[in-house]
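2 protein chains.
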Amino acid sequence: MTNSSDTKPGLPFPFPVVAWDQGEVVLIDQTLLPDELAYRRCGDIPTLCQAIIELAVRGAPAIGVAAAYGLALAWNLARREVGDDNERIWPIFQKHRAELAATRPTAVNLFWALDRCGGLAEQMIAGGAATEAIGAALLADAAAVREEDVAMCRAMGEAGAELLPDFATVLTHCNAGGLATGGYGTAIGVIYAAKAAGKTLHVFADETRPLLQGARLTAWELVDQGIDVTVLCDSAAATVLRQGKIDAVITGSDRVAANGDAANKIGTYPLAVLAHRHDVPFYIAAPASTFDPDTPDGDGIEIEERDPAEVHHWRAERTTAVGAKAWNPAFDVTPASLITAFITEHGVLRPPFGKSLAPVLARPGKPA
Amino acid sequence: MTNSSDTKPGLPFPFPVVAWDQGEVVLIDQTLLPDELAYRRCGDIPTLCQAIIELAVRGAPAIGVAAAYGLALAWNLARREVGDDNERIWPIFQKHRAELAATRPTAVNLFWALDRCGGLAEQMIAGGAATEAIGAALLADAAAVREEDVAMCRAMGEAGAELLPDFATVLTHCNAGGLATGGYGTAIGVIYAAKAAGKTLHVFADETRPLLQGARLTAWELVDQGIDVTVLCDSAAATVLRQGKIDAVITGSDRVAANGDAANKIGTYPLAVLAHRHDVPFYIAAPASTFDPDTPDGDGIEIEERDPAEVHHWRAERTTAVGAKAWNPAFDVTPASLITAFITEHGVLRPPFGKSLAPVLARPGKPA
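Going line by line, the protein sequences match chains A and B.
Counting with this note's numbering, you get residues 332 to 699 for the letters of the first sequence.
Counting with this note's numbering, you get residues 332 to 699 for the letters of the second sequence.
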């Protein structure tokens, strides 16, 4: 199925980013967008891990949903391997859980989902539950992780939409949209909610090098949802901010530390510095599962360095001179002092964050 | 001829960016680098204009050299068309001069070279010079524009090299190297001069979207000259600055206003803001011909907006979602307040620029 400006892809909304079908985890393959809307089927854990590593599924909340379904898959596979024996299933399940945990280091939602669903299995085993019942519970819990994420994103979107005037122009970075989540979106969810509330919006989308999630994914889903979008090079964002064209910058986050320092796609930090310089509010939209009470501040957030090949090539084509090195950090950390407010399902949380972040840091189900 | 890490391209240095060969202007075709080192021959003015528009030759000083040779070509062509008749040649020459002036609006060197060489022809006509002698003088003056540029870049490089410690790490943006000039380079000329003075350097090169002049051209020429270079996405520059890895940021400029506000490749302004935030000196290396006494400040600098197709595609491949718009400003303006010093052939000029820029603004040969 090919996306074009003439044919509506006919995708349901919220987008079916991660789903369960015939015993497999099925993902929209985001490496192929916007050229092609295709699905990747993951019938085993290495295939799912590879999909996460290659960013076929990406975005902290979506990775969390994929990991939750991954544990349901892991339980099923182990059961097929050793039969209905929880004691023999457990070490296989744990091995798969560790493989999923090792895919990407920064997004806290991954670890949160693995802890939540893994903890559920552990608790049910201790309670003497039947193997089949545990498998069913894991599947139901994965669906719940997704549904809760959509509900949280809707709540977050509604809270954030009130911050935007009608005819607002919003600048965003990377893709914190439906494709990055259970289907509705965090930063872009705010846009969807504002549109649903009858507002007209225009979005400037940073293209987001090196993998162009803004140009490819944010632009694709905004076009799909009928919202006016202009793509610009990351380095041109400073100019639109300076020109006074932007009412608000809204991004997602992959992990927010307890003090409000927030990791997000590389390029978010300079955007926040520039927004601050030009008195444009800088918002981060993120569900409570992205806030990490165990990381006191940004210095404690591990920043993934990805393969330099992503900088050296655009798809198959080499773009850098042979003989040059490349450096490819995937994230940077925006200090809390540059963040105007967090948009969460608990409302809009403003400084001082030491006090205002309490409800999202204390959320039940948070990993200890 | 293909460039690879194993074979030295064997180019002379300073690079033969623009040359005159058998009655034609010959350029290194920078759209093909780093994949291929090939030359583009321009036997008429539309071909040369197209080469400037397509960025086969780019960089403010190199455009100036190309324009100077272009006027020698224009004189020759007009002479071939109408014979040795200065009065009949003049309107054809002026038409070609206007075509060259209309190629790109931001780089002041283009207009400076057209004024210098056009003025020379005008003066010689008024003095009753022979047609052939005027053609020879235009050719000699174009060569002089190039030689003077190389000499200025060397002088600039030597002045700038003193600002760098041994084992310095320098961050640069776009390509202000040999390829952007008569062959030696402005910002990268400082690196070459520091190396010639026995210093060991490491360069971080912003890839410089959308056309990747950093990844393609800066990396290529630094590898060619045996200097260690690491390419990074433009949006990762903030992180290296924050990590304290950078001793100095050095860029070129396409036009410096009388107050020191400087236009340069899109992405330079946010880089200067970040350098300032992290107390890293931010230098602009530019010859006197780049300083424009007729533009009082940055608001008066016309910023070229280039074809959105440059953002929508990487070479033949579409990268943005169909249905999205794109915005593609080629330059931004860095306010003088963020510039630590200008590195010029008149030495290192520090604030207050109202006083220190006098020698580069008053330079003889400056257009009135």
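Misleading hints may appear alongside valid ones.
Any copy, or any two copies together, can satisfy a pair, since identical chains are not distinguished.
Derived lysine-lysine pairs resembling DSSO-like cross-links, with alpha carbons at most 30 Å apart [stated by the list, open to error]:
#  : residue 1 : residue 2
1  : Lys656    : Lys530
2  : Lys426    : Lys576
3  : Lys530    : Lys426
4  : Lys576    : Lys526
5  : Lys426    : Lys656
6  : Lys426    : Lys686
7  : Lys526    : Lys656
8  : Lys686    : Lys576
9  : Lys656    : Lys686
10 : Lys526    : Lys426
11 : Lys576    : Lys656
Keep in mind the hints are simulated off the structure, nothing from the lab.
- Item | Enumerated hints in conflict with the structure, sorted upward | The structure breaks hints 2, 3, 5, 6, 8, 9, 10; every other hint is satisfied.
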